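Asks: Going by full-length UniProt numbering, the first residue of the sequence shown is number 1, and it counts up by one from there.
Treat the hints as calculated values from the structure; they're not laboratory data. These numbers come from a predicted model, not from an experiment. A portion of the hints provided could be inaccurate.
[Claimed, not checked] Straight-line alpha carbon distances no greater than 25 Å define the calculated SDA-like cross-link-like pairs of lysine to any residue that follow: (1) Lys187 to Gly198; (2) Lys59 to Ser90; (3) Lys248 to Pro272; (4) Lys92 to Asp53; (5) Lys227 to Lys187; (6) Lys227 to Met207; (7) Lys59 to Val91.
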Amino acid sequence: MYNIAILGASGYTGAELVRLIATHPRMRITALSADRKAGQTMGAVFPHLRHLDLPALVKIDDIDFGGVDLVFCALPHATSQSVIAALPKSVKIVDLSADFRLRDPEAYAKWYGGPHAALDLQAEAVYGLTEFYREQIRDARLVAGTGCNAATGQYALRPLIAAGVIDLDEIIIDLKTGVSGAGRSLKENLLHAELSEGAHAYAVGGMHRHLGEFDQEFSALAGREIKVQFTPHLLPANRGILATVYVKGEATEIYDALADAYEDEPFVVMLPEGEHPSTRHVRGSNFVHIGVVRDRIPGRAVVIAALDNLTKGSSGQALQNANLMLDIEETTGLMMTPVFP
Numbered sequence: 001m002y003n004i005a006i007l008g009a010s011g012y013t014g015a016e017l018v019r020l021i022a023t024h025p026r027m028r029i030t031a032l033s034a035d036r037k038a039g040q041t042m043g044a045v046f047p048h049l050r051h052l053d054l055p056a057l058v059k060i061d062d063i064d065f066g067g068v069d070l071v072f073c074a075l076p077h078a079t080s081q082s083v084i085a086a087l088p089k090s091v092k093i094v095d096l097s098a099d100f101r102l103r104d105p106e107a108y109a110k111w112y113g114g115p116h117a118a119l120d121l122q123a124e125a126v127y128g129l130t131e132f133y134r135e136q137i138r139d140a141r142l143v144a145g146t147g148c149n150a151a152t153g154q155y156a157l158r159p160l161i162a163a164g165v166i167d168l169d170e171i172i173i174d175l176k177t178g179v180s181g182a183g184r185s186l187k188e189n190l191l192h193a194e195l196s197e198g199a200h201a202y203a204v205g206g207m208h209r210h211l212g213e214f215d216q217e218f219s220a221l222a223g224r225e226i227k228v229q230f231t232p233h234l235l236p237a238n239r240g241i242l243a244t245v246y247v248k249g250e251a252t253e254i255y256d257a258l259a260d261a262y263e264d265e266p267f268v269v270m271l272p273e274g275e276h277p278s279t280r281h282v283r284g285s286n287f288v289h290i291g292v293v294r295d296r297i298p299g300r301a302v303v304i305a306a307l308d309n310l311t312k313g314s315s316g317q318a319l320q321n322a323n324l325m326l327d328i329e330e331t332t333g334l335m336m337t338p339v340f341p
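Kindly generate the complete structure, drawing on both the sequences and the hints.
Replies: Laid out in structure tokens, this is it:
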């Protein structure tokens, strides 16, 4: 059994980690941290977890990391850097924040508004998109979880860029996401009366921080600068991301490139050609569904990817990476069936 600590356990991704690890046969949660909710039980903060025998929430400074094998860091952006820098070198870490996703310190400063405070760790971190960095993740001490929007777009596009079957200057990502992706902090625009019965675009015109990940990953794959058009939209739904990606290329070649890339991947499901996915079919699971549809305009196609932002987009991805880091079968604790309806 491996001893696990979750820092930032009072947020949505922290609660999702607890839900997943609770039935994991090789992991035991020995420490949970929170800031404002320190001193409370997880059952009080998240009543759906009250049946579990869990340690109480404490401040990070009150945790003894001596017996901890791996830490999940589910803290707000720009918080993880100093916290992770202070952890014992013997502890493996999966960070769910944005603090170590970007390799270039200048890119980090551009997208997150300030200099990075732990450059040595930034250089050490492995990007946590499991299906494409599996071998590096196995040997890593620090893995940087991807952005949930960034992960969804990459599942749709990475094999196509690598195979050279699309026009790299004609990529549009139109993405819809559930509100839990914005975190659990109180925000006026996320109140029920402000959000329900409508949908709206945000970070329009290339302002979204996950574009830093698209720029980094797609450009590295292509061997030249790639800039995609990306517009996210906020939906009045709790969970789920649906990315509709418009590309220039032959639909059959696009489908074959995706099918070949994901043939042996346990969590990526290619739908039959012409079918497209729905967020309701991946809810609460670690699965990604991908569909390809031929556009009515010759030489163009639509690739649609769906995943659960809290599971495969964040906490499920984190557990998948932790399994690799601890030499546990990668799918352990993650083969649960999606919740429907």
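Asks: Run every hint past the structure and note whether it holds.
Replies: Here is what the structure says about each hint:
A distance of roughly 17 Å separates the Cα atoms of Lys187 and Gly198; the hinted pair therefore holds under the 25 Å criterion. Proximity of Lys59 to Ser90 is assessed by CA-CA distance (about 21 Å); at most 25 Å being required, the pair is judged to hold. Distance restraint check for Lys248 and Pro272: the Cα-Cα separation of roughly 20 Å lies within the 25 Å cut-off, and the hinted pair is therefore satisfied. With a C-alpha separation of about 24 Å, the suggested pairing of Lys92 with Asp53 holds against the 25 Å cut-off.
For the hint linking Lys227 to Lys187, the alpha-carbon distance of about 31 Å lies beyond 25 Å, and the restraint is violated. A threshold of 25 Å between alpha carbons decides the hint, and for Lys227 with Met207 the separation of about 13 Å falls inside it, so the pair holds. Using a Cα cut-off of 25 Å, the hinted pair Lys59 and Val91 holds, with the two alpha carbons roughly 18 Å apart.
The structure shown violates just one earlier hint, number 5.
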